[in-house]
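Novice: This is what each chain is made of:
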Amino acid sequence: MSNMTLTLPPTESVIKPKITVDGHDPRMLISMRNIWKTYQMGSESVHALHGVSFDIPRGEYIAIIGPSGSGKSTLMNLIGCLDTPSQGEYWLNAKNVSDMDDDELARIRNQEVGFVFQTFNLLARATALHNVELPLIYGGVGSAQRHDMAKKALEAVDLSERMMHKPNELSGGQRQRVAIARALVNHPSILLADEPTGALDTHTSMEIMDLFERLHSEGNTIIVVTHEHDIAARAHRVISIRDGLIEKDERIK
Amino acid sequence: MERSGDQGAKPHRYTFAPILTERFSGLSLLRLTAIWEAFRVATGSLRSNKLRTALTLMGIVVGVTAVIAVVTIIKGLDKTVAQTFSSQGSTVFTISKNPQIIKSREEFVKFNKRKDVTHDDAEAITRLCSACWRVGVAGNALETVKYGDQKAENVRIRGVDPTTMFDIDGVTIDAGRIWTDSEGASGHEICVVGTDMLKNLFENSPPDRVVGQEIRIAGRPYTIIGTLEPLGSIFGFSRDNVVYIPYSTYAKSYGARRSLVIFIQVPAAEQLEVAEDQVRTIMHNRRGHTPEDGDDEGFALETQDVFLNLYGAATSNIYIVTIGVAAVSLVVGGIVVMNIMLVSVTERTKEIGIRKAIGARQKDILTQFLIEAVTVTAIGGAIGVGTGFGLAYVISALIGFPLLISVASAVLGVGVSSIVGIVSGLWPAWRAAKLDPIEALRAE
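Here the protein sequences come in this chain order: A and B.
Just so we're aligned, residue 953 is where the first sequence starts under my numbering, counting upward by one.
Just so we're aligned, residue 129 is where the second sequence starts under my numbering, counting upward by one.
Listed below are the simulated DSS-like cross-link pairs for lysine-lysine, each with C-alpha atoms no more than 25 Å apart in a straight line: (1) 478/B with 178/B; (2) 1104/A with 1118/A; (3) 380/B with 274/B; (4) 491/B with 1047/A; (5) 1118/A with 478/B; (6) 178/B with 1118/A; (7) 243/B with 231/B; (8) 225/B with 238/B; (9) 279/B with 327/B.
Derived DEER-like restraints, expressed as beta-carbon distance ranges: (10) 1096/A with 360/B: 55 to 63 Å; (11) 1166/A with 467/B: 45 to 53 Å; (12) 570/B with 995/A: 22 to 30 Å; (13) 1150/A with 470/B: 29 to 37 Å; (14) 459/B with 1166/A: 56 to 64 Å; (15) 1051/A with 176/B: 36 to 44 Å; (16) 177/B with 995/A: 37 to 45 Å.
To be clear about the criterion: a stretch of chain A counts as covered by chain B if any three or more of its residues have a C-beta under 8 Å from a C-beta of chain B, and this derived list gives those stretches: (17) 1023-1034; (18) 1054-1060.
Everything labelled a hint here was simulated from the structure, so no lab data went into it.
Ideal placement from N, C-alpha and C gives every residue a C-beta, glycine not left out.
Chain A extracted, bound-state conformation:
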C-alpha cells in the first residue's frame, strides 16, 4: 500500500486548488483528496465538485449540509461508492476506491457502506427480515448465518416483533429502522444516510435521530447528508458544501 506523499501536477482546470495534494492518512477511515466531479452536459462541462478534500476518522458522527445544487448529493454518491470521481483520490478503509470498476465498487458498497435513504428504498415484496438479509445474500453469507445476523440487526433497531411484515404493513419510522438494520447488518465501515428523516414526521424523525446517536455511541461511523440544520445539529462535526466546494468544516460537539 502506498502511503508515501505524492505530488500530482496541477490539472488543466481553470481554478487551481490551493490544497496540497498528498497521499491518504492511514489513520483515517475516509480520505478525500482534491476530488473533482465533472459532468458533460452537451458540449459544456459542469463541475459539481471543485477539488474537495477532507478526512473522517473512525467513529465520527458527521453531517454534510448544503442547499440543493451545492454538490452535496454528488459528494454523497462518491462517499457511498455509487460513483467515482473525475479526478482526485478517495481512500476508504485503506483502499483506494477512486479508480475501481463497477463490480469492485459493488463489492465495496456491500462490505464497507451501509446506505439509509430518504424514501427507505426497501423491496416492497420482501419481508423486513428478507430486506435485511439482502446485503448478506450479495456478500455470499450462508442462509442459517444470514438469518441469524439479520434477526440480530432487527433486534438492534427494536423491530424483532415485526420481522415477517412487509414494508407496506409498517409505519414510516419502522420502515426506516428496517433500512437502518439492513445498512448495519454487514458491519460496514460507514453508515451513510441521505436525508434519513426527509419523509418522516417530527416525532418519528427525532426517534430516528436518537437511534443514530445510539449507534454512534456504540462505535459506528455515521455520515448524514441533509439540508436541514436541526438534523445536522445532532452530529458532532458539520461540513457545509456550497457550489461544489467545502465552505465550512467545523466541530460542534
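Take the given structure of chain A and dock chain B to it, following the hints.
Specialist: This is chain B only, laid out in the frame that chain A set:
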C-alpha cells in the same frame, strides 16, 4: 490481504454480537445463494403479475404442447403400426387386380381394364412357385350380421381358401375349430367369428357358448364353428369385426367372377424377392403380356411396405408441420418473453438501483433477470409438456392406440423452452445489469 488485515482492526460497531463471517469462503456457495435469491425474486414477481405471466407463457405453452402431443401420438401410432404389420410380417405379399392405393383417375381406368385375378391364378402359383410357402385366396365383403334381434353392421366378411389363410392372416382359433378341407370345398354355411361378434351379438358370452349358434349374414343362416383370438384395433378400426367363411361359400353368395386377392407367404423375409420374381413370371405367362398392354403388368404385386411407406411419409409430414408450428410459436413466445422482461426491467429500475446500492454486482443482476426469464419459459414448457401429454391421452383414448409417455420428450420440451428463456432474457437482463445505480435509484 486487506481483508484479513482489517478484520482485526475493524471494531464491532454495534453492540449485538457480531458474527465474523468468512464471506468469500466458497464461490459456489455465493453463486448458489445468488441463484436461489434470483429464483425467489423471479417466482415472487411472477406470482404478483399472474395475468401477465399467464399471457407470457401462452406462446411457449402452445409450442411445447404441439410438439409433445404430436410426438406422443405418433410414437403411439408407430407402435400400433409396428405391432399390426409384424403380425403378418414382411413375409407376405399379395397379387390383386388393383393396387391398394390408386393415385389418379387415369390409373383407375387403366386398372379396371385388367383381367380379374382368379382362383386359377392362385392354383397356378401354388403349383409352380417353388419359393412360396403358403398360398391362399381371399374375397372381402361388408355385410350386416344378425343374431336374433341383435345386429352388427359393416362386418367384414372374408371368404378364404384354403384354411392356411388363417395362418397367413395371423389369426388363431380361441374356441371351436376351423372347417375341414372337405367342409371348405362343399360350400357349407359355416363360419369362424372375430371377438367383436361376441360383443355385439352375444352380449359378451364366453366363446365356447357361441360355438354352435346360428347367425345370419346378409339374410343367410351360418353356423358358428369357431371363434378367433382378439387382434385389437388400429387407428380406431377394430380388426376383430370380421367373420371368416369358406371361399366356396363366399363364391356362392358373391359370385365366382369377382376378382380375388391372392396371398403368398414365404418362410423367411430373405426368400421374399425370389418368390416375388417367380410369381411375377408365372402371372406374366398367364396374362400373356403383349406390347398392347404397354407398360402395364396387368396385376398388382404388393407387400406391406406400401402401407409402411405411406404411413412413414404421412407421419414425417406431420412432424415437419408440427416442428414448424412449434418453432413459430416458440419464436413468438420468446419475443413476448423478451418484451415482458424489458417491461419488467423498466418497472423495477428502482429495485435494481436498491440492489446495486447494497452490493449486487452486474452479474448478480444479470443472473436474476435471466433466471426470471428461464423460470417463465421453463414453467411454460412444463405446462406444455403436461397439456401435450393430456391432449395425446385424450386422442389416444378416442382413436385407440397405446399412450407412450416419453421422458426424453418431456425433458426436451422443458429444455428447449428454457433455452428460449435464456435467449430472450439475455438482452433485457444485460440492460438491467448495466443500469447506473444512481440513475436507477432516482427512478420511481
